Amino acid sequence: MILKTKLFGHVYAFSSLKEVLAKANEEKSGDKLAGIAAETAEERVAAKIVLSEITLEDLRNHPVVPYETDEVTRIIQDDVNESIYNEIKRMTVAELREWILDEAHTGEDIKRISRGLTSEMVAAVAKLMSNMDLIYGAKKIRITAHCNTTIGEAGTLSSRLQPNHPTDDPDGIMASLLEGLTYGAGDALLGLNPVDDSAESVTRILKRFEEIKRKYEIPTQTCVLAHVTTQMEAIKMGAPTDLIFQSIAGSELGNTAFGFNAATIEEARQMALGRGTATGPNVMYFETGQGSELSSEAHHGADQVTMEARCYGFAKHFQPFLVNTVVGFIGPEYLYDGRQVNRAGLEDHFMGKLTGISMGCDACYTNHMKADQNTIEDLSVLLTAAGCNYFMGIPHGDDVMLNYQTTGFQETASLREIFGLTAIRPFHEWLLRMGYVDERGHLTGRAGDASTLF
Amino acid sequence: MQDTDVRALVEQMVEDMLKGKSIQASSDSKSSYAASVGQNNRVEKMPESTDGGQILPDITQIDLRKQLLVKNPKDREGYLAMKAKTPARLGIGRAGARYKTATMLRVRADHAAAQDAVFSDVSEEFIKKNQFVFVKTKCKDKDEYLTRPDLGRRFADKEKEIIKAAYKDHPKVIIVVGDGLSSSAVEANAAEMIPAISQGLKAKGISTGPILFIKYARVGAMDDIGEITGAEVICMLVGERPGLVTAESMSAYIAYNPRHGLAEAKRTVISNIHKGGTTAVEAGAHASGIIMKMLEQKASGIDLK
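For the record, the sequence lines run as chains P and A.
Taking UniProt numbering, I'd label the letters of the first sequence as residues 1 to 454.
Taking UniProt numbering, I'd label the letters of the second sequence as residues 1 to 305.
With the rest of the complex left out, here is chain P:
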């Protein structure tokens, strides 16, 4: 393993593979905050050059958090298919990049070698990709998953309807929910971020979601994004639950800070399969986001792209229906501006797909970040071109509970029209029956009028 290169006559020597991975990142404020970013533009390129000649075997043998001390590393390493790994372990990262981009290799080919990759390899190849490489590579890979309906099929773009309310007022939640449905939002999920993280409140809202789903015969899935243990308690209390949600991190320490471990997630999954309301087999929903490990001091000196890839490696073990990066929520100390948010969004989506999970994106920003609605509209267009499975849908993109901005109902509707896509088939047929879209999936005169559902 060579960790040294010359560039413009200057020698750049790195002390570890972990350092190379960090310095090969595109500029991110979070890596600077962690004190691990490249110090000059040339050093960044030198690190990319060194990384390009590293073999997949070296990356497997040097996980950024040791196998012995971290269960996320153990899950990722133990899930590797050894025969596929043995076929590709001598490849360099440069070769893997070109192998993925090569027209001779289809999405199915990529999904096969994906089983021989660890998250460090997935992160490494993303670091050598330009933004369009990330789109081009991701576009080839199609990942579907089934809960009550199938997400990710060709020709579809989905939306999670996020009807958040500052006090969980049931009528206020229903207001956003009904209007969103008339715009064609909600085929991925009707999913609320609750203010009140109690099992009673979660149960109440899930029952209300179930009523609406039954009343209008809506083919979709429901979830209330409380803590995993709260949702399990709610199931025990008889809450009708399709999907179980949890925010996850790329290290055991990070997951401990979130208040769970792998055993908790497996227990939740078994409970959803055994006592939940969904058809399955995919009954889990995870959210991630670059920088969350550093913010809980659980990054082990590793960079935020590699830690994010490890979230996906962990997620894959539990066969999720949905995984999305909440890319711009964390703030400017991790992703400084629109340029960094968009880069991170493209990286996360590509890495998720290369890992083999059904990937969406909460294309979003906070008000202390140098970004605006144009930033995330750009990102949503780029990600739709990359074959992203779903976005969020919120009234005018303004989340009145979490106080951040994301994509609105109008965004998914526009993206579907621009790219010639529709909602998930059974949901699209429901929209047609209700008269909100035409055959092409374009909005009709009735769309956007919630009072048609009163």
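Because the hints were derived from the structure by calculation, they are not lab data.
This one's a predicted model, so the numbers in the text were calculated from it and none came from an experiment.
A portion of the hints provided could be inaccurate.
To be verified - Reference listing, derived: stretches of chain A covered by chain P, where coverage requires no fewer than 3 residues with Cβ under 8 Å from a Cβ of chain P: (1) 73–87; (2) 146–158; (3) 243–254.
What the hints assert, rightly or not - Below, computed lysine-lysine pairings styled on BS3-like, alpha-carbon distance capped at 25 Å: (4) P/Lys215 x A/Lys74; (5) A/Lys85 x P/Lys213; (6) A/Lys138 x P/Lys32; (7) A/Lys140 x A/Lys215; (8) P/Lys213 x A/Lys74; (9) A/Lys142 x P/Lys32; (10) A/Lys100 x A/Lys74; (11) A/Lys136 x P/Lys370; (12) A/Lys164 x A/Lys128; (13) A/Lys85 x P/Lys215; (14) A/Lys140 x P/Lys32; (15) P/Lys32 x A/Lys136; (16) P/Lys370 x A/Lys138; (17) A/Lys142 x P/Lys370; (18) A/Lys85 x P/Lys207.
Beta carbons are placed, not taken as given, at the ideal position from N, Cα and C, and that holds for glycine.
Model the placement of chain A on the given structure of chain P, informed by the hints.
Okay, now just chain A, sitting in the frame of chain P:
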């Protein structure tokens, strides 16, 4: 009935405005207009222009909960009743699959207010008028403040001397103001909240000494001040990260014995201090009660019963 009339009138005004009906200024009026606008293009003095004294209505005065822009809704009254249940931007209609101009501009305006609250500074005039003692954390500018939370929690030696001098009498309780993530929140609430706190304390015989203003402040800066002054309780008023609904929300973080390494859970927080939430005066009275309790129990945050 009257309410609906007013609403209809305002809606009509906005619609007219967007169609350009009342935009009558010709291009040569630009120069006279430019001469009378201040640095931020805020007009200090009304220009003698060719607009015949007309002015476009302030779109931020429209009550969004009462505005329904859906074309021919099936049930207008029902829709408005539903909208009353949530601050979410519902019933906004659309232009194709995109937003209507009025709602797009309103979101831009609300976002602009939020951004300005973050990226502008608390004015020197405000600091002077309230006789705050000015200090600055280790951040050299706003950018560094936003990206280096560690530097926003510490003071350089020169600043430490100012803090030491201000509290040479070693008051038990110190009140400080930090700009945090919203300068407008500080300017809107701090001046009203501080007397409400200190009056409550004075009634119990506790004086607080001068008020410190900290530029580029993170909440953890109070721990450094605790180290420097030895204060028992520090109460920091600080601007919250603005949302689109309000950019003027402030929080008060209060801690007993704040020193380096204090766990976040040991701070007591009063959040959502603004006109539409807890008012500054209410919050001040509440804060003085909490401070008294902390002095009695020698604890704060999760340890405070």
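The hints, checked one at a time:
For a cut-off of 8 Å, the count of residues in the region 73–87 of chain A with a CB near a CB of chain P stands at 11, and the three-residue condition holds. Note: the region 146–158 of chain A has 5 residues with beta-carbon separation from chain P under 8 Å; the three-residue rule is met and the coverage holds. Coverage of the region 243–254 of chain A by chain P holds. Counting CB-CB distances below 8 Å, 4 residues qualify, and the rule asks for three or more. Restraint check for P/Lys215 and A/Lys74: satisfied, since their Cα atoms lie roughly 19 Å apart, inside the 25 Å limit.
Pair hint A/Lys85 plus P/Lys213 holds up; C-alpha atoms about 21 Å apart against a cutoff of 25 Å. About 17 Å separates the Cα atoms of A/Lys138 and P/Lys32, which keeps this hinted pair within 25 Å; it holds. About 10 Å separates the Cα atoms of A/Lys140 and A/Lys215, which keeps this hinted pair within 25 Å; it holds. Taking the CA atoms of P/Lys213 and A/Lys74, the gap is about 22 Å. The hint holds against a cut of 25 Å.
This hinted pair checks out: A/Lys142 and P/Lys32 have alpha carbons roughly 16 Å apart, not beyond 25 Å. For the hint linking A/Lys100 to A/Lys74, the alpha-carbon distance of about 19 Å falls within 25 Å, and the restraint holds. For a cut-off of 25 Å, the pair hint linking A/Lys136 to P/Lys370 stands: about 23 Å separates their Cα positions. Restraint check: the Cα-Cα separation between A/Lys164 and A/Lys128 comes to about 20 Å, which is no more than 25 Å; the hinted pair holds.
For the hint pairing A/Lys85 with P/Lys215, the CA-to-CA distance comes to about 21 Å; that is within 25 Å, so the pair holds. With a CA separation close to 16 Å, the supplied pair A/Lys140 and P/Lys32 stays within the 25 Å bound. For the hint linking P/Lys32 to A/Lys136, the alpha-carbon distance of about 22 Å falls within 25 Å, and the restraint holds. Straight-line distance between C-alpha atoms of P/Lys370 and A/Lys138 comes to about 22 Å, which keeps the hinted pair within the 25 Å bound.
For the suggested pair A/Lys142 and P/Lys370, the alpha carbons sit about 12 Å apart, so the restraint of at most 25 Å is met. Taking the CA atoms of A/Lys85 and P/Lys207, the gap is near 19 Å; set against the 25 Å cutoff, the hint holds.
Of the hints listed earlier, there is not a single one the structure fails to meet.
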